[in-house]
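Spelled out from the first residue to the last, the chains are:
Protein chains: 4
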Amino acid sequence: MTVMRTVELEGHIIDSGAMGRCFGVVMDLGGEFEVEEFDVGRHKHAETYCRMRVSAESADDLRAILHELNQNGATVADPRDATLEAAPDEQVVPAEFYSTTNHPTFVRVDGSWVEVSDPEMDCALVVDRTEDDPVVRTKVLNAIEKGDLVVTGETGIRVEPPERPRNGGSSFGFMQGGVSSERPSASLIEEIADEMRAVRDEDGTVLVVCGPAIVHSGGRDALAELVREGYVDALSAGNGFAVHDLERNLYGTSLGVDTESLEHPRKGHKHHIYTISEIGRVGGIEAAVEAEIVDGGVMYQCIRNDVPYVLAGSIRDDGPLPDTITDAIEAQDAIREQAREADLVLMLSTLLHSVAVGNCLPSTTKTVCVDINPATVTQLLDRGSAQAIGMVTDIGTFVPMLADELLEAHR
Amino acid sequence: MTVMRTVELEGHIIDSGAMGRCFGVVMDLGGEFEVEEFDVGRHKHAETYCRMRVSAESADDLRAILHELNQNGATVADPRDATLEAAPDEQVVPAEFYSTTNHPTFVRVDGSWVEVSDPEMDCALVVDRTEDDPVVRTKVLNAIEKGDLVVTGETGIRVEPPERPRNGGSSFGFMQGGVSSERPSASLIEEIADEMRAVRDEDGTVLVVCGPAIVHSGGRDALAELVREGYVDALSAGNGFAVHDLERNLYGTSLGVDTESLEHPRKGHKHHIYTISEIGRVGGIEAAVEAEIVDGGVMYQCIRNDVPYVLAGSIRDDGPLPDTITDAIEAQDAIREQAREADLVLMLSTLLHSVAVGNCLPSTTKTVCVDINPATVTQLLDRGSAQAIGMVTDIGTFVPMLADELLEAHR
Amino acid sequence: MTVMRTVELEGHIIDSGAMGRCFGVVMDLGGEFEVEEFDVGRHKHAETYCRMRVSAESADDLRAILHELNQNGATVADPRDATLEAAPDEQVVPAEFYSTTNHPTFVRVDGSWVEVSDPEMDCALVVDRTEDDPVVRTKVLNAIEKGDLVVTGETGIRVEPPERPRNGGSSFGFMQGGVSSERPSASLIEEIADEMRAVRDEDGTVLVVCGPAIVHSGGRDALAELVREGYVDALSAGNGFAVHDLERNLYGTSLGVDTESLEHPRKGHKHHIYTISEIGRVGGIEAAVEAEIVDGGVMYQCIRNDVPYVLAGSIRDDGPLPDTITDAIEAQDAIREQAREADLVLMLSTLLHSVAVGNCLPSTTKTVCVDINPATVTQLLDRGSAQAIGMVTDIGTFVPMLADELLEAHR
Amino acid sequence: MTVMRTVELEGHIIDSGAMGRCFGVVMDLGGEFEVEEFDVGRHKHAETYCRMRVSAESADDLRAILHELNQNGATVADPRDATLEAAPDEQVVPAEFYSTTNHPTFVRVDGSWVEVSDPEMDCALVVDRTEDDPVVRTKVLNAIEKGDLVVTGETGIRVEPPERPRNGGSSFGFMQGGVSSERPSASLIEEIADEMRAVRDEDGTVLVVCGPAIVHSGGRDALAELVREGYVDALSAGNGFAVHDLERNLYGTSLGVDTESLEHPRKGHKHHIYTISEIGRVGGIEAAVEAEIVDGGVMYQCIRNDVPYVLAGSIRDDGPLPDTITDAIEAQDAIREQAREADLVLMLSTLLHSVAVGNCLPSTTKTVCVDINPATVTQLLDRGSAQAIGMVTDIGTFVPMLADELLEAHR
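If you read the protein sequences in the order shown, they are chains Z, S, E and D.
Numbering of the first sequence is given in full-length UniProt numbering, commencing with residue 1 and proceeding in unit increments.
Numbering of the second sequence is given in full-length UniProt numbering, commencing with residue 1 and proceeding in unit increments.
Numbering of the third sequence is given in full-length UniProt numbering, commencing with residue 1 and proceeding in unit increments.
Numbering of the fourth sequence is given in full-length UniProt numbering, commencing with residue 1 and proceeding in unit increments.
Think of the hints as simulated: they come from the structure by calculation, not from any bench.
Careful: at least some of the hints might be erroneous.
Because identical chains cannot be distinguished in the list, a pair is counted as satisfied if it fits within a single copy or across any two copies.
Distance condition first, Cα-Cα at most 27 Å in a straight line; then the derived BS3-like pairs of lysine-lysine [as the list claims (entries may be wrong)]:
| id | residue 1 | residue 2 |
| --- | --- | --- |
| 1 | LYS146 | LYS270 |
| 2 | LYS139 | LYS270 |
| 3 | LYS44 | LYS146 |
| 4 | LYS139 | LYS44 |
Construct all of the structure, not just a fragment, from the sequences and the given hints.
Given below as structure tokens:
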């Protein structure tokens with residue numbers, strides 16, 4: 001039994017790849033397509049329109065094809081309202097719930113297309129009718145409440161995958177799957193600085209995601225300066241980053257030997273645990289700053305300059321610090337709030353925390369990923385940000401050079 | 001002002017490296033040593049004894065040197081009892097508490113050397129006098145209770161770092177810092193199988209730490225078989241491993257296309273979320289097995305064969321499953337319990353979970369680390385297990401070949 | 001001054017990406033395009049045709065755009081003969097010579113399209129009129145002879161980049177930029193075995209490119225068996241692979257200790273040098289086989305079964321063996337000959353030698369890249385083979401499992 | 001049949017590890033040892049002396065043990081002259097020739113210990129009696145001439161492995177097996193600059209080994225400046241580095257787009273081939289500088305400032321340039337000459353060329369290895385330099401920061 005459905009695509013769908021991917025999806029999943037209308041964009045600024053009939057050998061196959069087409073920007077042609085079904089229980093979604101992408105998404109409710117607020121991947125879509133106009137929100141599975149009106153199926157949903165920008169030249173690459181080690185490092189750092197200045201000029205929010213390597217490799221002082229000078233609006237990290245930063249403040253020199261220049265692997269690990277116990281003793285980082293136990297570094301500047309931070313716990317943590325959120329769901333919620341606020345996210349030398357933040361980001365948020373490991377940068381860029389810069393470099397030279405670039409004018 | 005103290009070492013300290021490391025520690029930290037007595041082990045089975053006087057220019061410097069010497073097996077010569085101090089508050093240790101290694105450790109209490117139960121690194125040592133004989137336990141910082149008698153300083157503590165085994169030939173390397181990619185894979189797998197058989201024959205406990213790559217790369221069926229046949233006594237993993245294993249059971253084939261042979265990156269990610277919602281709907285993995293929703297795979301075999309498992313949460317999780325412990329401290333405690341029971345730990349393709357488990361292990365537990373990334377294997381071996389095999393291989397060929405090796409006899 | 005030119009594309013150009021890339025090229029390089037005709041392929045088997053006018057602000061800019069369009073399959077519309085210019089000297093090409101891709105290429109000579117024999121990237125195209133019909137060949141720069149008729153400019157050249165195959169299901173991915181670690185290893189090995197059988201059935205040529213890791217990790221015996229059983233038609237390697245293979249034969253056991261099971265880093269390196277001197281003493285590998293100094297292993301089976309091999313030298317070699325070609329250009333020529341003959345190339349655990357072979361391959365040759373390092377596999381796949389399988393696995397388990405798969409029937 | 005021999009060790013053999021390694025060697029290879037005399041160094045500056053009798057069950061086993069002991073600094077106690085045997089043919093060594101380490105080595109000839117000139121690993125030792133006093137030289141196998149007096153066996157040979165320096169604080173680590181990513185990058189760069197200044201002040205020779213990443217990542221201009229200002233005395237690289245450097249000079253900007261800021265993967269690869277053909281047309285780099293075709297960059301500064309360079313060929317080269325030495329043995333000889341002259345070697349972002357240079361270096365030459373890939377740095381450090389700094393960083397930020405550090409004073 002052949003079943004079929006008509007879908008439409010519109011936009012810069014050829015050079016953005018959506019059209020090719022949609023043809024590919026149908027062929028990969030064993031279906032057939034028949035283009036009914038195709039109106040090519042004849043020049044750079046003209047959009048292309050395609051209407052095609054997709055057929056498959058079973059309703060199940062067709063549903064799977066439509067799901068993938070939808071996620072690549074094709075919309076079921078016949079405009080009907082999305083199907084809504086009430087959640088049967090707390091944290092339980094209806095069986096055929098629509099699972100989201102992180103692209104801008106619209107849901108047809110009562111005959112109108114409603115834009116989904118806070119797009120986030122792998123969520124359910126919940127329609128809220130308690131207000132004057134219906135509102136559609138993303139909700140992660142564990143946040144579903146009994147009775148939530150959840151969107152199911154593929155009807156009445158429109159996804160807008162990112163398009164190739166018409167004017168090139170931006171350093172934020174379009175859906176670049178890999179990462180370049182072929183760009184001059186200094187000029188990339190300039191472009192990132194320009195972007196940070198631009199966000200600051202528009203009162204936007206720069207979220208910095210920090211790994212412990214920033215401290216080890218010598219980027220800490222420069223980062224603290226950036227926080228102090230107002231280039232960082234929020235900070236997201238794990239317990240380890242904060243401990244290393246505080247440890248450098250508490251035990252930065254010892255035995256008359258400057259720890260900046262002499263390294264003892266394992267030796268001195270005791271200071272890590274001692275730092276946790278010292279901060280724990282006074283009740284947390286803010287208390288330690290107030291008690292003047294801590295008088296410098298990144299966390300210090302966050303406290304002094306009211307830059308909010310989230311420290312998320314993990315099963316690998318020592319301690320942890322009193323400030324660390326040990327429950328993963330609670331920590332995710334805190335991260336999600338940061339992610340939604342952010343206009344520009346700098347992911348600095350932490351795969352783990354960056355993945356957590358990246359999971360919550362819409363594809364439209366600008367992202368900069370910096371790591372010495374190319375696999376980390378590739379993995380972060382692959383999560384589908386439409387505007388991302390990946391840079392494989394040493395965080396210990398990157399942060400000082402970035403700070404120089406940004407703070408030079410002041411000096 | 002020069003201060004000094006006398007320390008002693010005994011054992012196979014030359015070829016195990018302890019003697020050289022102790023000389024190095026003194027020089028690195030700016031001290032001086034004077035060997036007072038040195039009785040070399042004249043042949044393979046004879047132990048070496050060294051007594052030396054260590055001096056430094058301040059009490060602080062000397063304390064730091066003694067701490068490092070202690071961790072490398074040197075004991076302060078003059079046998080006095082360890083210093084004990086009561087913990088001032090919940091989760092707060094006395095200021096100069098002794099921070100542990102993961103080696104066998106003895107504490108001198110009331111004139112006798114008491115062996116520390118459950119050695120674990122980066123813990124405090126707590127003396128419990130409530131029983132007939134004093135007991136010394138490791139406690140992580142967050143488990144410290146007000147009034148706990150905590151060991152401080154370096155006096156009255158003896159650490160026994162691992163020694164080079166006298167008879168070679170074991171595949172479990174002695175403190176091997178790196179990892180070999182120069183060993184024939186098949187013969188290494190045989191040796192691991194031998195070790196698993198030996199542990200089983202002695203009713204020991206094999207703990208398997210599992211990463212999701214086991215499922216992707218095709219090792220899942222073989223691992224499930226090993227669980228079914230009783231070669232796995234406990235399983236430790238993250239939420240992701242369990243979801244992937246269950247997803248393979250629920251959605252292993254779809255659209256008439258065998259997912260074993262055709263891959264769709266991102267496509268089909270929906271099944272991941274759907275699996276979580278299906279398991280959540282019935283209330284957990286055990287319920288899903290009972291309801292016959294799940295009828296195969298690793299988690300299924302764990303349920304059916306009463307193999308206990310710990311699923312630990314992280315901020316990168318989807319869902320999570322109802323079985324996943326989302327609080328990091330609670331999850332660490334569950335992992336710690338598993339780690340203490342284990343006689344042999346197989347760390348299979350998961351850096352993150354393996355580090356968490358490794359943090360809780362004494363240096364005497366045999367460990368096998370398998371990963372396709374040499375950096376992961378090196379990092380895990382570096383944590384100081386005295387008896388570890390590192391193997392850089394494909395988990396998708398490793399598990400089937402290991403199962404073949406172990407189950408062959410049955411066939 | 002605006003200059004313009006009309007180009008045409010034809011084929012499955014939307015889902016193969018050529019159309020999108022061509023639009024992108026024009027925009028990236030600052031040009032404009034105007035689609036004059038666009039005839040979309042309405043279903044899976046229908047081809048798309050596009051004619052567009054491309055304009056730029058200078059002749060230089062237009063030339064650069066046309067070069068890139070040409071390499072992506074667009075042909076200058078107005079069919080004129082290619083421009084030919086005589087090489088001014090040995091190894092010297094005319095200034096604006098056309099630099100090749102590795103795709104099937106056609107050159108218009110005397111009004112007819114002549115297919116280029118042995119497409120290879122980064123070569124010049126030389127038209128040979130000494131025969132009845134003109135012949136067009138690729139020539140590397142160092143092979144250019146004075147007076148060679150070299151193609152210059154972009155006119156009269158047609159490139160056919162690979163197209164997405166219409167029937168899916170082949171394990172040879174279409175231009176896959178990355179590599180999958182998500183495929184079950186065992187099923188991928190089956191597919192590779194199937195392909196090898198298919199090539200053998202058609203009397204095709206399987207070229208195996210070998211790295212020394214095959215020997216270290218225990219894949220040597222299985223590879224020797226594949227050579228003996230006729231599954232390998234040619235072998236390409238460096239000096240190191242051959243030395244390791246021969247060393248295993250000459251010094252495989254020593255001191256009563258089986259080197260299969262006990263490893264001594266650095267220790268035993270002497271055997272490496274000794275092997276070279278022993279083979280050198282008799283004058284080469286073939287002589288060593290005849291003198292029965294060597295009686296097993298991969299090189300032995302090559303000699304015994306008349307499987308031709310190329311051993312290429314490098315500045316990192318010990319020795320080298322008398323068989324090793326130490327001149328890079330001479331070695332490249334030998335490799336090129338092997339590459340042109342091959343129907344299927346297996347690149348086994350050697351980035352360096354594989355890149356050298358890959359440089360000489362047309363994009364239509366099927367390629368299998370196996371390495372434990374994902375970056376190696378990605379880099380090899382990126383060279384633009386239209387039909388490639390990349391597999392991140394342990395060569396020490398891969399070769400034995402592949403041999404099992406292929407030789408099973410015999411047993 | 002038990003055979004035995006007495007060996008001696010002297011020096012800082014405990015903390016340098018030689019003593020422990022020697023005990024280990026005997027046990028690993030199935031022998032027994034009996035310490036006859038042991039005189040421990042009682043303080044930091046006192047040396048330890050050990051005499052021990054080593055026994056094995058066969059002459060072959062004993063020979064293998066003695067070989068390994070010798071390479072770790074133990075000398076056969078009974079001082080006899082080394083055994084010499086004439087080479088039977090060109091490039092053919094006597095059967096039991098002594099294969100060298102890269103440590104300082106002494107050979108007993110006519111009753112006197114003669115220091116080996118130019119220690120290099122994996123060579124034969126050849127005694128030259130044509131001069132007044134006997135001279136002992138290292139020779140690679142392919143340089144052996146018929147009749148050369150080659151040292152065989154283990155008698156009369158003394159090796160001095162590196163010792164742990166008595167005064168710490170140098171940034172050049174002692175035999176560090178791994179690499180630190182825990183050192184602040186800026187302070188490491190300062191230390192490297194200090195070392196370069198020190199070598200320059202003593203009229204020493206700095207050899208820089210260069211990979212193409214220097215050009216891609218933006219370190220080229222700074223390196224060219226260092227050459228111009230006299231901080232580089234010799235340069236070693238492959239064909240690729242030179243081509244990329246020259247290409248940047250010839251085609252640095254094109255189409256009005258600064259290549260410093262916009263990247264086109266593959267696009268523009270044509271410039272690579274064009275650069276080779278342009279340089280080839282005039283006959284080489286020096287000619288291109290004289291003809292003012294090339295007027296900047298690293299190779300330009302080498303020509304202008306008489307800094308000698310070696311460009312070695314490989315089978316992966318395009319072209320190559322006329323300056324490139326395509327024969328591997330000839331290229332090795334040129335590299336060997338550079339290596340022997342060098343007081344300090346900087347290995348910048350090239351594993352391949354660095355291994356070739358490192359193969360020729362004595363263990364006493366100071367070495368700095370810089371690469372973004374930790375595995376590369378580890379592999380280079382593992383080759384046994386006694387004084388090496390490894391740094392995992394971005395060459396595109398490293399070279400500019402190093403140049404700033406060195407050239408600042410001038411500005």
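Against the structure, the hints come out as follows:
With identical chains, the CA atoms of LYS146 and LYS270 are at most 27 Å apart between copies only, with a shortest distance of 22 Å across copies and 49 Å within one. Taking the shortest alpha-carbon separations for LYS139 and LYS270, only the inter-copy value of 15 Å comes in at or below 27 Å, while the best intra-copy value is 42 Å. Taking the shortest Cα distances, LYS44 and LYS146 never come within 27 Å of each other, neither inside one copy (49 Å) nor across copies (45 Å). For the homomeric pair LYS139 and LYS44, neither the shortest alpha-carbon distance inside one copy (38 Å) nor that between copies (38 Å) is at most 27 Å.
Of the numbered hints listed earlier, those contradicted by the structure are 3 and 4.
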